[in-house]
Structure formats: structure tokens, C-alpha cells
Amino acid sequence: NAGVTQTPKFRILKIGQSMTLQCTQDMNHNYMYWYRQDPGMGLKLIYYSVGAGITDKGEVPNGYNVSRSTTEDFPLRLELAAPSQTSVYFCASSYSIGVRTEAFFGQGTRLTVV
Amino acid sequence: AQSVSQHNHHVILSEAASLELGCNYSYGGTVNLFWYVQYPGQHLQLLLKYFSGDPLVKGIKGFEAEFIKSKFSFNLRKPSVQWSDTAEYFCAVYNTDKLIFGTGTRLQVFP
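From first to last, the protein sequence lines stand for chains A and B.
According to our numbering, the residues represented by the first sequence are 1 to 114, in order.
According to our numbering, the residues represented by the second sequence are 115 to 225, in order.
Only chain B is shown next, with the shape it has when bound in the complex:
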């Protein structure tokens, strides 16, 4: 069965620090990949998505992710985080009608 792993469970950063959150998936076929963000008390919102083409994907709020097929990875990055980026981040893989999520990474950004 396909699965998604997020190894960073809780990340604490100061404002202006760089961010990289890891995401690995287990499925070897064609996959579609997503990063969602959940701000405190809110529902999930899409940050970015990858379907095909350029493996470097840019999303909203300065986030980007790189799809590396050989490593089954889709890591999320941001060069300089802000306090408002405090949230939980979820990686997800879409294949054969199912959208499967990782366990999430809680990001706290301190001023």
C-alpha cells in the first residue's frame, strides 16, 4: 500500500530562517504530489502541487517544492520564514483514486 512519510514532526525556527520539510512516498508508479497547510483552527489549504513537467514547483506565499523521482521525495522549502507561517504542513500523494496524507509537520516560527 502506498504511504507518505514526513520525518520532521515538530520544527522550531526564528523568523528569516530557511525551511526545508521532508516528504517521502512509497509508491513507484505515476503519482501526483501535494503540500497542504493548516493554520491553527482552520481547514487544509493547498500550498502547491506537482503533476508533471518541471520538478521544481512554486506555490503560494513563497513556498516551493522539488520532486526527485529517484529518491521518492517531494521536499518543501522556503528561503525565509515568517511568524505567519506557523502552522501544520501536510504532504499528500494522489494515486488510484486515493489521496493519502503524511502525519504532518508542526512548524513554529518565533519573532
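For reference, chain A alone in the conformation it holds in the complex:
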């Protein structure tokens, strides 16, 4: 059981470039999340999704876009990379809170924008 898989693990982007961070889960979870982690700031929620076709903004959505065409996949898109987007990005998934379960996290993607 792979759980939550993120690709790539590392990436260096130049300012203005675009890229997509991939996230796939094989647990049939309906909820999925994207976070960024910066030193001393904890994890900030970028976007989340409660099911295929439904996405919503989190705490820090500016500069990012997401889509959720399938239950399994929740890619995060950076259209015009900026140095402020240098961070570690984590994807997570869970069942809805009604079934009393925790979120499971991927291994993270370390992104550097230069």
C-alpha cells in the first residue's frame, strides 16, 4: 500500500517558470490537502478538496492552482514561480472527519526558486 505519493522530491525552478507538483493517493480518501512548510511557520494550508471536482482555498492560496479530476490525484500548479514560493510542499489525504480518521502525508517536495 503506497499511501500518499508525491513527485518530484526535489526541484529547482527559475523565476517565472511554471511547474506541477503531483500527488496521488491509493487509499480512496475523499479529502486531499496541499500544505507548504517554512521554517518557524509550521504548515500552511494552500488548497484542499473534499472530493473529485471540488476544490477550495486554504490559508495561502495566492500563486497556486489545483484541480481534482479524480479521487486519486490532486496536482498543485505554480504558474509563475517566485522566490517566495521556495518551500517544502506536503500533500495529505484523509476520509472525511465523520469517520474519525487522521490525515496521511506524503514525503514532501522541496522546491527552490532562484
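In case anyone wonders, no lab produced these hints; they're calculated from the structure.
Be a bit skeptical, because a hint or two may be false.
Calculated from the model, a selection of chain B residues having no Cβ within reach of chain A, i.e. all distances over 12 Å [unchecked claim]:
hint, residue
1, Ser117
2, Ala131
3, Leu133
4, Tyr150
5, Leu170
6, Glu178
7, Phe181
8, Arg191
9, Ser194
10, Gln196
11, Asp199
12, Val223
13, Phe224
14, Pro225
Here are the simulated DSS-like cross-link-like pairs (lysine-lysine), alpha carbons at most 25 Å apart as the crow flies [unchecked claim]:
hint, chain 1, residue 1, chain 2, residue 2
15, A, Lys44, B, Lys212
16, B, Lys212, B, Lys163
17, A, Lys57, A, Lys9
18, A, Lys9, A, Lys44
19, B, Lys185, B, Lys172
20, B, Lys172, A, Lys57
21, B, Lys212, A, Lys57
22, B, Lys163, B, Lys183
23, B, Lys183, B, Lys212
Note that the structure is a prediction, hence the values are computed from the model and not measured.
The beta-carbon is built from N, C-alpha and C at its ideal position, and this holds for glycine as well.
Dock chain B against chain A, hints included.
Showing chain B alone in chain A's frame:
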């Protein structure tokens, strides 16, 4: 908007010392509470969770947490820490489809 506060940013302890990390949340309705741990270079793993019932929750590796509704708190405790507990600890609250994290507490345990 709901928020989570962790007031201890960096804690340094010797092995066998007792640990208590504070966590306060701002939401007044029904919440579900979690503590996650992140070992160096790794992703987040669940330590323990509270949904309802007994406010004293036991988790893995000897950790426990107490939910005090009147104080909006969910503090993490361990009676005797080990060097292997060196990690970053995050409190999180789950409400209305969002899982919101605190800023984390970095714990260093010295032999």
C-alpha cells in the same frame, strides 16, 4: 478564522526529563485535535488524536495529551523523554473540512 497556537518554539531537554508542549486553539465549536511528529528529514506522522470521550488521550511512543475544553487546550506530555524523541511537533485542529496546524515546537533531547 480558527487558529492554533503553540507557544513553545524550541525546547531543549536532557534524557529522562519530563515534557509538556502547549497547544491552544481558537475555535469554539466541535473540534477534532491531533498531534503530529516530524523526525528530521521525514514527513509528518500521527502521534495521537482526540475526537470525543475521555479527554486524556494516549498515543504512540509513550505520549499522551489532555483536552481541556474550558481552556481550549490540547497539551502534549511525556513523562520521560529519550534522545530519539528529537523532532518537531505539530498540533492541529480539524473543523469544517480544514486541517489547520500550529507553528510547531522543535524538541531537542540531549543524552
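Structure-based check of each hint:
Its closest Cβ contact with chain A, about 10 Å, brings Ser117/B to no more than 12 Å, contrary to its assignment away from the interface. The Cβ of Ala131/B sits about 24 Å from the closest Cβ of chain A, beyond the 12 Å cut-off, so the non-interface label holds. At the 12 Å boundary, the C-beta of Leu133/B stays outside the reach of chain A, the nearest C-beta of that chain being 19 Å off. At roughly 8 Å from the closest C-beta of chain A, the C-beta of Tyr150/B falls inside 12 Å, breaking its exclusion from the interface.
Listed as outside the interface, Leu170/B is consistent with that label: its C-beta sits roughly 17 Å from the nearest C-beta of chain A, beyond the 12 Å cut-off. Consistency note on Glu178/B: stated as away from chain A, and its beta-carbon is indeed over 12 Å from all of that chain's, at 16 Å minimum. For Phe181/B, the non-interface assignment is confirmed: its Cβ lies about 15 Å from the closest Cβ of chain A, beyond the 12 Å cut-off. At the 12 Å boundary, the C-beta of Arg191/B stays outside the reach of chain A, the nearest C-beta of that chain being 19 Å off.
Every Cβ of chain A is farther than 12 Å from the Cβ of Ser194/B; the closest lies at roughly 25 Å, confirming the non-interface assignment. The Cβ of Gln196/B sits about 23 Å from the closest Cβ of chain A, beyond the 12 Å cut-off, so the non-interface label holds. With a cut of 12 Å on Cβ distances, Asp199/B stays outside the contact zone with chain A, its closest approach being about 19 Å. Every C-beta of chain A lies more than 12 Å from that of Val223/B, the closest at about 20 Å, which supports listing it as non-interface.
Every beta carbon of chain A lies more than 12 Å from that of Phe224/B, the smallest distance being close to 21 Å; the non-interface claim holds. Every Cβ of chain A is farther than 12 Å from the Cβ of Pro225/B; the closest lies at roughly 25 Å, confirming the non-interface assignment. Proximity of Lys44/A to Lys212/B is assessed by CA-CA distance (about 11 Å); at most 25 Å being required, the pair is judged to hold. Using a Cα cut-off of 25 Å, the hinted pair Lys212/B and Lys163/B holds, with the two alpha carbons roughly 15 Å apart.
Distance hint between Lys57/A and Lys9/A is fulfilled; the C-alpha atoms sit about 24 Å from each other, no more than 25 Å. As the CA atoms of Lys9/A and Lys44/A are separated by approximately 19 Å, the hinted pair is consistent with the 25 Å bound. Restraint check: the Cα-Cα separation between Lys185/B and Lys172/B comes to about 20 Å, which is no more than 25 Å; the hinted pair holds. For the hint linking Lys172/B to Lys57/A, the alpha-carbon distance of about 33 Å lies beyond 25 Å, and the restraint is violated.
The suggested pairing of Lys212/B with Lys57/A holds, with an alpha-carbon distance near 10 Å, which does not exceed 25 Å. Between Lys163/B and Lys183/B the alpha-carbon distance is near 15 Å, which keeps this suggested pair within the 25 Å criterion. Taking the CA atoms of Lys183/B and Lys212/B, the gap is near 20 Å; set against the 25 Å cutoff, the hint holds.
Going down the numbered hints, you'll see the structure goes against 1, 4, 20, while the others check out.
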